[in-house]
Amino acid sequence: MPDSSPQTSTPPVKKDEQAFEPVEIPLRDPWLAAFLALLLPGLGHYYQGRLKKAVLYFVTIMTIFCTGVYLAGSSEVGWGRCVYVSFRMGDQRLHFLCQMWVGLPVLPAVLQYLHDSSGHQPLWGSSFMAPPLISAEPRDPQDLAPPFTVHTLNKRLHRYFDLGTVYTMMAGLLNLLVIFDAFAGPVIFESGSTSEEEARRGGDEAAAA
Amino acid sequence: MLGFEWERIWTNDLWFAVPLIVAMSLVYAATRHEDLGAIFRHAVRVARWIVLFLVVLWGLLFLMSWFQ
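Here the protein sequences come in this chain order: Z and B.
For the first sequence, the numbering used here gives the first residue as 1, with consecutive numbering after it.
For the second sequence, the numbering used here gives the first residue as 1001, with consecutive numbering after it.
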């Protein structure tokens, strides 16, 4: 029978490199916490009662994710055009393998992909996170309205398409660290000042003697 | 007139790196500590290292372009 008692990170982690008193961190169910962290940055920590870190993670990661979505879009071409799923011939969007770790915020991209695969127009009547058209022609006469081709997106958004891609990829990769933190607690940090601290303590003891 | 072009500094695309450096430093530091004070102190150190790395990289590229 599996043990349902709440878990704590073992061995005890250090609260601070300057304060060497170990502190127990209640991880509750680490698998559930990791899953919640995968759904939304900070949600796993909120479940564990680590509220400050939950807020820090959520604000930090969602800020750069939303900034990326804003950068790679406009009212003309649609918003969040750098976040989309596409594994078609001629447009293998491998960047999404990094972006997807943000969790639910990239769900619209998955829904748009599934909708697009069945040959329908983009969902919600907008090209938000919708995969672009694929065109073999440099100047496709059909490429005059959203969702546009990748070529047109790059042309109209200039460098902001790539900047948005980098921002959203970083958000996804950083949430990977957050998922591990929710699962196993903070990495035990052996500060470089440990030996200095011990040397200072040794010096104090010698002076006292 | 050869003046320092402030306009080019404020409109430089390198400013887009600042939010990323801040986010990376904070998240990385937060995976090493529980205490917010320790997280912020560690984040400052990490950010310093990232900026130093970028400056060294910029210097190398600048030298390479100089001898091109």
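Take the hints with a grain of salt, since some may be wrong.
Stated by the list, open to error - What follows is a set of in silico ranges between Cβ atoms, one per label pair, in the way DEER data are often shown:
no., chain 1, residue 1, chain 2, residue 2, range
1, B, W1058, Z, S126, 36 to 42 Å
2, Z, G49, B, I1009, 25 to 31 Å
3, B, S1065, Z, P26, 34 to 40 Å
4, Z, D29, B, L1036, 20 to 26 Å
5, B, F1040, Z, Q92, 20 to 26 Å
6, B, L1054, Z, Q92, 46 to 52 Å
7, Z, S75, B, L1054, 17 to 23 Å
8, B, R1048, Z, F87, 37 to 43 Å
9, Z, H115, B, M1064, 44 to 50 Å
10, Z, D162, B, L1036, 31 to 37 Å
11, B, W1010, Z, R28, 27 to 33 Å
12, Z, L104, B, D1013, 29 to 35 Å
13, B, Q1068, Z, W31, 51 to 57 Å
14, B, W1066, Z, K52, 27 to 33 Å
Unchecked claim - Facing chain B, according to a computed beta carbon distance under 10 Å, are these residues of chain Z, among others:
no., residue
15, V23
16, Y47
17, L56
18, M100
19, P108
20, L111
21, L114
22, H115
23, V150
24, T152
25, R156
26, V166
27, Y167
28, D181
29, I188
Simulated from the structure, these hints should not be mistaken for lab results.
We put the CB at the ideal spot given by N, CA and C, even for glycine.
Now for the hints, and whether the structure bears them out:
1. B:W1058 x Z:S126: 36 to 42 Å: For W1058 of chain B and S126 of chain Z the Cβ distance comes to about 40 Å; the hint holds.
2. Z:G49 x B:I1009: 25 to 31 Å: violated, 45 Å
3. B:S1065 x Z:P26: 34 to 40 Å: violated, 54 Å
4. Z:D29 x B:L1036: 20 to 26 Å: holds, 25 Å
5. B:F1040 x Z:Q92: 20 to 26 Å: Cβ of F1040 of chain B to Cβ of Q92 of chain Z: about 40 Å, so the range 20 to 26 Å is violated.
6. B:L1054 x Z:Q92: 46 to 52 Å: Violated, since L1054 of chain B and Q92 of chain Z (Cβ atoms, about 30 Å apart) do not stay within the stated range.
7. Z:S75 x B:L1054: 17 to 23 Å: violated, 33 Å
8. B:R1048 x Z:F87: 37 to 43 Å: Holds - the Cβ-Cβ distance for R1048 of chain B and F87 of chain Z, about 40 Å, lies within 37 to 43 Å.
9. Z:H115 x B:M1064: 44 to 50 Å: Taking Cβ atoms as reference, H115 of chain Z and M1064 of chain B lie about 47 Å apart, which means the hint holds.
10. Z:D162 x B:L1036: 31 to 37 Å: holds, 34 Å
11. B:W1010 x Z:R28: 27 to 33 Å: violated, 47 Å
12. Z:L104 x B:D1013: 29 to 35 Å: holds, 30 Å
13. B:Q1068 x Z:W31: 51 to 57 Å: With Cβ atoms ~54 Å apart, the hint holds.
14. B:W1066 x Z:K52: 27 to 33 Å: violated, 47 Å
15. V23: Holds, about 6 Å.
16. Y47: Since chain B brings no Cβ nearer than about 16 Å to Y47 of chain Z, farther than 10 Å, the hint is violated.
17. L56: holds, 6 Å
18. M100: This interface hint is violated because 17 Å lies over the 10 Å limit.
19. P108: violated, 22 Å
20. L111: violated, 27 Å
21. L114: violated, 30 Å
22. H115: Where the cut-off is 10 Å and the nearest Cβ of chain B is about 31 Å from H115 of chain Z, the hint is violated.
23. V150: Because about 21 Å separates V150 of chain Z from the closest Cβ in chain B, which is outside the 10 Å limit, the hint is violated.
24. T152: violated, 22 Å
25. R156: Where the cut-off is 10 Å and the nearest Cβ of chain B is about 18 Å from R156 of chain Z, the hint is violated.
26. V166: holds, 7 Å
27. Y167: holds, 7 Å
28. D181: holds, 5 Å
29. I188: holds, 8 Å
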